[in-house]
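Given next are the chains, with one letter for each unit.
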Amino acid sequence: MSAPPPPKQSPLWSMLMQPGAGWRFERRLYTGPVREFAAVIIAIGISVAAAGLLVAVAGAGVLEAFRGMYEGAFGTRDSALETLVQATPLIMTGLAAAIAFRASIWNIGGEGQFYAGAAGAWWVSDLLADLRPAPLLFVFMFLGAALAGALWASIASVLKAVFKTNEILTTVMLNFVMFFVLSWLLAGPWRSPNTFYYQTERMADVTFLPRFTTDSRLHWGFAIAVLTAVLVYFILRKTPLGYEIRGLGANPVASRYKGANVGVLIITVMAISGAVAGLGGAGELLGLHHRLQLDIAVGAGFTGIIIALVARLHPLGVVVAAVAFGALINGSTAVQVVTGIPAALVQVIEGMTLVFVLLAAVAARYRIVRTSVSHG
Amino acid sequence: MDKLMKSRTFIAAGAVLALALAAGACGGGESATTTTTPPPTTRPPTTQAETTDTAAGSSAPTEMDVAMILVSVQEEPWYATLIDTVNRAAELRPYGLDITLDVLENIAYADGERVIRDLAASGKYEMIIGHSTYSDAIDAVNEDYPDIIFVFSGSGNDPVGGNAYWIDVFIHEPAYLAGIVAGMMTETNHISAVAAFPFPNVNGPLNAWIAGARSVNPDIEHSITYIESWFDPATAKESATAQIAAGADMVYAESFGVFEAVAEAEGVLTFGHFADQLGFTPQVLTSSVAVWDPAFQTVLDAWWAYHTEGQPYDAPMERIVYLMADGGSDIGGISDQVPGEVRVAVEEAREQIINGDLQVAFNEGPVE
Numbered sequence: 001m002s003a004p005p006p007p008k009q010s011p012l013w014s015m016l017m018q019p020g021a022g023w024r025f026e027r028r029l030y031t032g033p034v035r036e037f038a039a040v041i042i043a044i045g046i047s048v049a050a051a052g053l054l055v056a057v058a059g060a061g062v063l064e065a066f067r068g069m070y071e072g073a074f075g076t077r078d079s080a081l082e083t084l085v086q087a088t089p090l091i092m093t094g095l096a097a098a099i100a101f102r103a104s105i106w107n108i109g110g111e112g113q114f115y116a117g118a119a120g121a122w123w124v125s126d127l128l129a130d131l132r133p134a135p136l137l138f139v140f141m142f143l144g145a146a147l148a149g150a151l152w153a154s155i156a157s158v159l160k161a162v163f164k165t166n167e168i169l170t171t172v173m174l175n176f177v178m179f180f181v182l183s184w185l186l187a188g189p190w191r192s193p194n195t196f197y198y199q200t201e202r203m204a205d206v207t208f209l210p211r212f213t214t215d216s217r218l219h220w221g222f223a224i225a226v227l228t229a230v231l232v233y234f235i236l237r238k239t240p241l242g243y244e245i246r247g248l249g250a251n252p253v254a255s256r257y258k259g260a261n262v263g264v265l266i267i268t269v270m271a272i273s274g275a276v277a278g279l280g281g282a283g284e285l286l287g288l289h290h291r292l293q294l295d296i297a298v299g300a301g302f303t304g305i306i307i308a309l310v311a312r313l314h315p316l317g318v319v320v321a322a323v324a325f326g327a328l329i330n331g332s333t334a335v336q337v338v339t340g341i342p343a344a345l346v347q348v349i350e351g352m353t354l355v356f357v358l359l360a361a362v363a364a365r366y367r368i369v370r371t372s373v374s375h376g
Numbered sequence: 001m002d003k004l005m006k007s008r009t010f011i012a013a014g015a016v017l018a019l020a021l022a023a024g025a026c027g028g029g030e031s032a033t034t035t036t037t038p039p040p041t042t043r044p045p046t047t048q049a050e051t052t053d054t055a056a057g058s059s060a061p062t063e064m065d066v067a068m069i070l071v072s073v074q075e076e077p078w079y080a081t082l083i084d085t086v087n088r089a090a091e092l093r094p095y096g097l098d099i100t101l102d103v104l105e106n107i108a109y110a111d112g113e114r115v116i117r118d119l120a121a122s123g124k125y126e127m128i129i130g131h132s133t134y135s136d137a138i139d140a141v142n143e144d145y146p147d148i149i150f151v152f153s154g155s156g157n158d159p160v161g162g163n164a165y166w167i168d169v170f171i172h173e174p175a176y177l178a179g180i181v182a183g184m185m186t187e188t189n190h191i192s193a194v195a196a197f198p199f200p201n202v203n204g205p206l207n208a209w210i211a212g213a214r215s216v217n218p219d220i221e222h223s224i225t226y227i228e229s230w231f232d233p234a235t236a237k238e239s240a241t242a243q244i245a246a247g248a249d250m251v252y253a254e255s256f257g258v259f260e261a262v263a264e265a266e267g268v269l270t271f272g273h274f275a276d277q278l279g280f281t282p283q284v285l286t287s288s289v290a291v292w293d294p295a296f297q298t299v300l301d302a303w304w305a306y307h308t309e310g311q312p313y314d315a316p317m318e319r320i321v322y323l324m325a326d327g328g329s330d331i332g333g334i335s336d337q338v339p340g341e342v343r344v345a346v347e348e349a350r351e352q353i354i355n356g357d358l359q360v361a362f363n364e365g366p367v368e
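If you read the protein sequences in the order shown, they are chains E and P.
Residue numbers for the first sequence follow this note's numbering, beginning at 1 and rising by one.
Residue numbers for the second sequence follow this note's numbering, beginning at 1 and rising by one.
One chain only, chain E, in its complex shape:
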């Protein structure tokens, strides 16, 4: 066995790689799912420890804070169900990000597409207010949401496919555009005549998504989200389209030579991604809020990106990560009540988890080996 070729040199690298230093980093040829999974688990462990450190620095009891977090998120049946309520939009935005990222299309516009979907659902509910039976109305509202999300995402994807614009920039900026479009709609044509605030009227009861129990807020949107995750998994794994998406993500040049129409593929992927985010928006509108407002997303589009990355872009992993993040959000109020630490701690934990997961992903690709002195 010959030694692997030396990687590019940097000062730190050279220092670590000094012949005779005794140890050195070496890139693995194959990381393997076990190591990748272990890396995520270790990263989450480190994040939790770091969060505990922050709590201690803030002068509160660490165990008390974690217990508060747990009690708030899973302590009772109600709180556990509420955790799933919080996870619901995050599953959808996480899936939306994961689909696009699988194709190496950086859709940062989940937030805007989420709003587009909510707006689409609301518009349909207004246009077809008298449509019965109710299930048919739901079909059209969700179709409207998916279409609106897909169309909004298509602005960026068509620009990318035709003009090769950078979709990171366009999708980020389209979030703001959507915000202002919505504020125009809510200030003018859609505003409730009873109020001067930027919101629609409360929607009719017939548009409310059914809830699983009478005493919790867990609505069918959660089931839709889980089904969507399974569907996305199936599409990515078992269909020609999924193969092309993964192929585009792995090597767009090869995809092109293979004969894939990359432009069409980009537009397709973004449309699916936007539609999923849009369905998430509709789920929140019809399941929880029943009134279109400017803040119904609460950053779900952005948290979804973190979730997709923590889940390593795996659709079923997205569900798990979304429930974990939902628990963080749901437990945060209890932590604040018990310890006085602001609920913003959760955003810090989210950010740290992402950083540690990314670091762990890199670290898992290397191993430390003992150098043989005879090497030089």
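Derived by calculation from the structure, the hints in this document are not laboratory data.
Be a bit skeptical, because a hint or two may be false.
To be verified - Stretch by stretch, here's where chain P covers chain E in the computed footprint (C-beta under 8 Å, at least three residues):
#1 275 to 285
#2 316 to 322
#3 339 to 350
Claimed, not checked - Within a straight-line C-alpha distance of at most 20 Å, the following computed EDC-like cross-link-like pairs (lysine to aspartate or glutamate) qualify:
#4 LYS124(P) with ASP102(P)
#5 LYS124(P) with GLU36(E)
#6 LYS124(P) with ASP144(P)
#7 LYS238(E) with ASP215(E)
#8 LYS124(P) with GLU244(E)
#9 LYS124(P) with ASP65(P)
#10 LYS124(P) with GLU71(E)
#11 LYS124(P) with GLU143(P)
#12 LYS124(P) with GLU63(P)
Note that beta-carbon positions come from the ideal geometry of N, C-alpha and C, so glycine has one too.
Chain P: place on chain E using the hints.
Then chain P, alone, in the frame of chain E:
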């Protein structure tokens, strides 16, 4: 190979995240001085507070823990003024109560129901204030916690009733008084205002401010700029600078950012809004100040009556709002730059408003 590529994909995805988070940070920060309302036509009767201990039996509560959730941060005047009110109550100890206050910032409306339910379920709080447009959220929770008193504030709300009280403040009367100062002190006869949105509760004080100026100076011209944001100091500053360039020498600062423009200009004076902002910059002459105390006291009285006399909660279906005569608003501190004759005129008008001789219209329409 596939694995390697996937990892690379994954790392690259991480790199774009910084941008995403930055965008998220920019996109946030919705502020919530969202008071937009029709004018008050009726007011619930004032229940005068007894600030001394009452002879309520030994079972009477001795403490009241208050939780307050905000859409934005506690420094914003809309929030800061009510927080000050609760803190004042904590010092005055009405009914001998130990009052504590926990404030939770940056609670989006969409998150309101979850947070309010969590706060109620914690069992720690006797009063939960959703200090903005949280009536939907409170409506979903209040009946499950019949002993807790819930409060929501400002416009955009729907009435809830029962144990959920709707409070508000209107400051068109002190704005009228500030207008008198502007009308008497302007040298260019051009006054201006920078404001958030053309909402009724924004227009109300602005119209009154101009009416006050006209009452002492019929030659007044005015210009108004709406910056279409609750919080955008840069745009507000630009707008004020443009107004000053166009000849305005009295600028009403409905929005943050005006003071910075005034501080950089020569011979321009300004007016604070909602909180007493005298001294924020030396050019502030006075402010239109909201005072939540009587509305808060009304709610506190209802809570006390419920717990000591068993009187059921029966929140009015209209907002609880007090005008200047009842202590719901007032003119703030007046700068030394304001001459004595102007002060006298302000004080006379203030007395006329309080004793009912002068009615200041709450004109919610566009400023003309």
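ask   = Can you name, in rising order, the numbers of the hints this structure does not satisfy?
value = 1, 2, 5, 7, 8
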